[in-house]
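With the hints as a guide, bring the two chains together.
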Amino acid sequence: MESQLPAEFVVNVDHERCRRCKRCVINCSFSAIEFKDKVTPNHRLCVACHRCATFCPESAITITENPLDYKYGYNWSPEIRKNILKQAESGGIILTGMGNPRPYPIYWDHMLIDACQVTNPSIDPLREPMELRTYLGAKPEAIEFEGEHDNISLKTELAPQVKLDIPVVFAAMSYGAISLNAHKALAMAARRMGTLMNTGEGGLHEDLASYTDRIIVQVASGRFGVTSKYLNNSAIVEIKIGQGAKPGIGGHLPGEKVGEDISKTRMIPVGTDALSPAPHHDIYSIEDLSQLIYAIKEATDYKKPVSVKIAAVHNVAAIASGIVRAGADIVMIDGFRGGTGAAPMIIRDHVGIPIELALAAVDDRLRQEGIRNRASILVGGSIRQSADVVKAIALGADACVIGTASLIAMGCRVCQKCYTGNCAWGIATQKPELVRRLNPELAADRLCNLLTAWGHEIQEVLGSLGIIAVESLRGSRERLRGVGLPQETLDILGIKHAGIGQ
Amino acid sequence: MKIDAKGLHYRPMNKIIRDAVAAGEKEFELDNVGGQRYIGTGLNEPVKITINGTPGNDLGAFMNGPKIIVNANAQDGIANTMNAGEIIVHGNVGDIIGYGMRGGKLYIKGDAGYRVGIHMKEYKKQVPVIIAGGTAGDFFGEYMAGGLIILLGMNGKSPIVGDYVGTGMHGGVMYIRGKVDPYHLGKEVNCLELNEEDMKLIGSYLKEYCEHFGFDLNEVMSGKFTKLVPLSHRPYGNLYVY
Ligand code: SF4
Ligand code: SF4
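Sequences listed follow chains D and P, in order. Note that numbering that gives the first Met the number 0 gives residue 397 to position 398 of the first sequence, counting from 1, and the numbers run on in steps of one. Note that numbering that gives the first Met the number 0 gives residue 168 to position 169 of the second sequence, counting from 1, and the numbers run on in steps of one.
Do not take every clue at face value.
Among the chain D residues that face chain P by a calculated CB cut under 8 angstroms, a handful are [what the hints assert, rightly or not]:
id, residue
1, T61
2, I62
3, G221
4, R222
5, T226
6, S227
7, I267
8, P268
9, G270
10, D272
11, P276
12, A298
In short, the hints are calculated from the structure, not lab data. Note that the Cβ used here is the ideal one computed from N, Cα and C, for glycine as well.
Looking at chain P on its own, in the form it has when it is part of the complex (with noise of 0.2 angstroms):
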């Protein structure tokens, strides 16, 4: 189904678009975009949404099984406590992306803003993951209690990561590809070297990003990464007394 947005509010847009996902559309097009909301929020068959325009915030909330193509840039919010499903955008994107994600994959080709990843959470098989192929804002990994996040800096703007890089971090992990200087890291965080495990895993996740950015993944993987992981999965388990 092809929709042009232009002019369109969300809230009749997003109900044309539920209303076909329910009556069995498998496939959407949506040209001109301009600042339309949570497209694609809330819908939970494994259908796929382009989007040509730069879509509002709050992209895919609590979405759970769409792929979501955006070939622009797009805003904040993006995969809100999203469920499972694929969001890739080809551009920069805004701040909260992935805000208590809790699977799926959001692929991101530039930069990303404040709070990357913010209580991002896994639960078993379930492991949200996150990659965005520039720089990133402060508080990257905020409360992070599950999932991973892969920050490449490929656009060689520095430095790669904000301030408080893991503040609160209590689960999953993360790698940055470049040096993270000590003073960026928040207090929860323990930064360690990649060993053959950690390249594995990663290696896997890059090669599907690089297909769909045309980036060379030899490239990509020769960089020097960073792990952090958190200290402890209970930060704040001293502080109290009965």
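Isolated chain D (complex conformation) (with noise of 0.2 angstroms):
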């Protein structure tokens, strides 16, 4: 069928400028970019990538959104209408990539943070040390002592703990979602910054073995790539029920991405579809959850943390209380604007809930119910910078989860065309002519120093705060403030609206 839908973008080349070099056309892994006597490019092709501006030496190009306009109509705007085009000519779910583009609220912009003035001094940062270290894992009720004098040792039995430098810990992303590159970016730069990286479901490969200690791994329905090894060589074994940006969907990486080296390490034949429905069928309750959680605890002998990662749903708060009780040392929540490599967009765009919600309504229910101790919180789902950071810590979150950010950090343009698999950046792709294109050295050292850079702005906020340590900052909701958010908001949020003092 012909195709009745306008292009997306525009590609300008200024011929004048142009010296002919060929860079963009090379560079164009959606094939949006020829070379007929002068650059010519196919409009319709083009996704806004940024690859041929960036590499342009002449910086020829630019690229606009179509500026054909459509006769207004609040109720059926232009994205509805192209919709509905795209389905009418294929009959199939629409696919996207990235996290929920649509203008929900974001309330991380409608938090204030408080600052010291006069009674209570504030801390320079620069001179004073500013601790940005935490722990993950379960936490006991009481600590007891045994010894005296200089001889004093913890009596109580602590679970496994995991020591982060920064509380900003690395996505779960597939390795297959996104290349080996990728893979060792994200890992490198766990190790130099004191954190995290997660293998998503699709298992590990081998030549990220030497940075087991800093890998979170996970166990998903499809169990690719899960050994009794997988499991002991971790810094976490994390359980994934759901992910933000698709709650209640499960992971589908096509056939024709399962190439040799994907194949090995999910162990699955080349080819074939790499199907991880969203039920595990195994688990229909909190006590089979917990069955699981502790089938991974006997295989790692109760040395490693064992996480639960669940979409923020309606009823996310009675659920992460189940988690804990079943025995779950972190709970990851994912809000709904969370990034994913595929996804159909009316779950993307549609289902789930916000993070600053969701985290707000769980920790509150987990220290109503007193076991807020027993597991660390950790949240992700559109954490875009430090202070989104800082606001997640106040309202009661042990540390914060980034994939899209780290992923921009890399080079990614969040074009949303990751489930294409011809990411230009070398990212989301498994082609080695563009995966080539992500050197991991540079991208860890992006990533290194995006962190850095998160890390000193904390460090500044909380010396604006009168406090030393991201610790003493947990759960300090009263000092945060709303700006325009109703009451109802504010309550769930558990703070006050800006204005109102103690």
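Here is the structure:
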């Protein structure tokens, strides 16, 4: 069927400036630029990944949204009309990548942080030690010591703890969804910054064997690459129940992406679909979840914290409480703006709840039930900047998880075409010629720079708050105020409106 | 090593086993087992464990090498994500056995519950095998991505298998000794007749199986088998538009 869909973008080439080096042609992995006497774009194929514009030595390329205007209709937006055309031409579920782009409220941007003035002095982070360190894992109700004077030791047996030098870890992104070079960069950066990366559900490539103390390994319904060795060579084992971008929807790596190397890592034949449906099918209750948690603990001799990752959904607080009672050491909550390699648009854009509200509700519930100490809370689903991290910790999180932000640091342009496997930046692709574009060392440097910058920024805020450790901020909702939020939202977030004092 | 499991919680019991395996112990006999979970879970050595009594769920989960013999019935989640080894059950078993199993053998004398071999996978020479002598419940071989499952129906109960056989199947092969009515089948499977090669393949496993349980191989092989394979390795390939 001939498509009636207009091009999304227009590639403008300034032929005066162009020196016909053809770099743009070589760089475009979506075949949107050809050379026929001169640089000739096929606008329809452009996804605005900016690869050509970035590498054009003459800055001769700009990309604009197709200025084709639609007859105004607030209800029938151009996007909705284009989606209908797409489906009328194909009969398929619309697939997309990255996180929810729709203009839902972003509550981070409606929360403001306190600072010290006059009566309670702030602290200069340049001179004072400012601690960003935190530990993930279950904490005891109380601790007991034994011995006397200079021979005192801890009597209480501690659950396994994993130290983070900065309260930001890299999100679960599978080898398959992203490239091996991207995985390597994340692992190297995690090691250097004293934080963690997460394999996602696609197993662990053998090249990353030396980084296992910095890696969260995931167990999802498909069990790809899961062996007792995989479980034991890890910092943390995570059971994946859900993902913020697609709550209730599983993973599905199409067969064409399952090449030799992925086949080996996932331990499935080349070319078969890697199906990881949302239900685990051995988990229909909290008791069943507990059974898997303890199977993993038995298989790792109780040496690894076990995390359970869920999407933020309406009943998240009760579910999280169940997860903690089931024996999880960490609850990872992924908000509805979280990214993905591929998800049906209807799910990505319409299912789940914002992480800010989910976090506040979960932290509240666990406190009310007196079990907050039993598990650390990790939150993700569009943590965009260090301010979001500070606000999340003040709301009650132990640490934050960044996926999209880490990809952007490596070069991602959020073009949302991850599911095509043509990522021009060598991130969401398995094509060797594209994967090569991402240099793991350089990408790791960029990731480290990002975390270093965020670390300094968090220290600045801690100083202005008059505290010297990120652990002192945890759950300090009194240090947050809401702006422009209705009372009900403020109640859920457990914060006062700006203008209200103590 | 002999362990009296009476009144013993799974946690200390499995710890005794793990520590003994680490110390070089090769053989275990567990008496009076009554529902203790995770026996053999995560063990990587080729030890032998004989269980007298009914073990609990997740027997041999993530297991990589041991041989387990159960002289009774067993419960749910046997051989969950098992990589290598052997589990022989002289009785019936519960649901979701062989979940994500990737290698080794699971031989059951009697019936099996729902979702036998769900997400079973294979990789090159590592091909997991499940054989059950009786009947099985719904969703037999669900999402099966590799490996071999044989169902024998030796106790003559009917139907031999429940509904939705092979739903989501996209790899591997199943052999069922008897006729499977089409309405029991999932949308993703294809029914075939067996050829000589198939008979040879199942014959080699069934010989071993019959030796464990004292069945007559000729009698087993004389039944008429149905072979089930996936229609596609990519069952959901055409569902999406970009
Ligand atoms: S990269 Fe720039 S200068 Fe080179 S051919 Fe393309 S438009 Fe012209
Ligand atoms: S990872 Fe690549 S394909 Fe995905 S949004 Fe970023 S640049 Fe685009």
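How the hints compare with the structure:
Taking 8 angstroms as the C-beta contact cut-off toward chain P, the hint placing T61 of chain D at the interface is violated, the least distance being around 25 angstroms. Below 8 angstroms, beta-carbon pairs count as interface contacts, and I62 of chain D has none with chain P, the closest being about 19 angstroms; its hint is therefore violated. For G221 of chain D, the suggested interface contact is upheld, since its CB lies about 6 angstroms from the closest CB of chain P, less than 8 angstroms. Restraint check, R222 of chain D versus chain P: the minimum CB separation of about 3 angstroms is within 8 angstroms; hint holds.
The interface hint given for T226 of chain D holds, since its Cβ lies 5 angstroms from the closest Cβ of chain P, which is under the 8 angstroms cut-off. Contact between S227 of chain D and chain P, as hinted, is supported at the beta carbon level, the nearest pair being about 5 angstroms apart and thus within 8 angstroms. At a threshold of 8 angstroms, the smallest CB-CB gap from I267 of chain D to chain P is about 5 angstroms, leaving the interface hint in force. Annotation: interface hint on P268 of chain D holds; nearest CB of chain P at approximately 7 angstroms, less than 8 angstroms.
The criterion of a C-beta within 8 angstroms of any C-beta in chain P is met by G270 of chain D, whose closest approach is roughly 6 angstroms, and the hint holds. Because the closest C-beta pair between D272 of chain D and chain P is about 5 angstroms apart, less than 8 angstroms, the hint holds. Because the closest C-beta pair between P276 of chain D and chain P is about 7 angstroms apart, less than 8 angstroms, the hint holds. Because the closest C-beta pair between A298 of chain D and chain P is about 3 angstroms apart, less than 8 angstroms, the hint holds.
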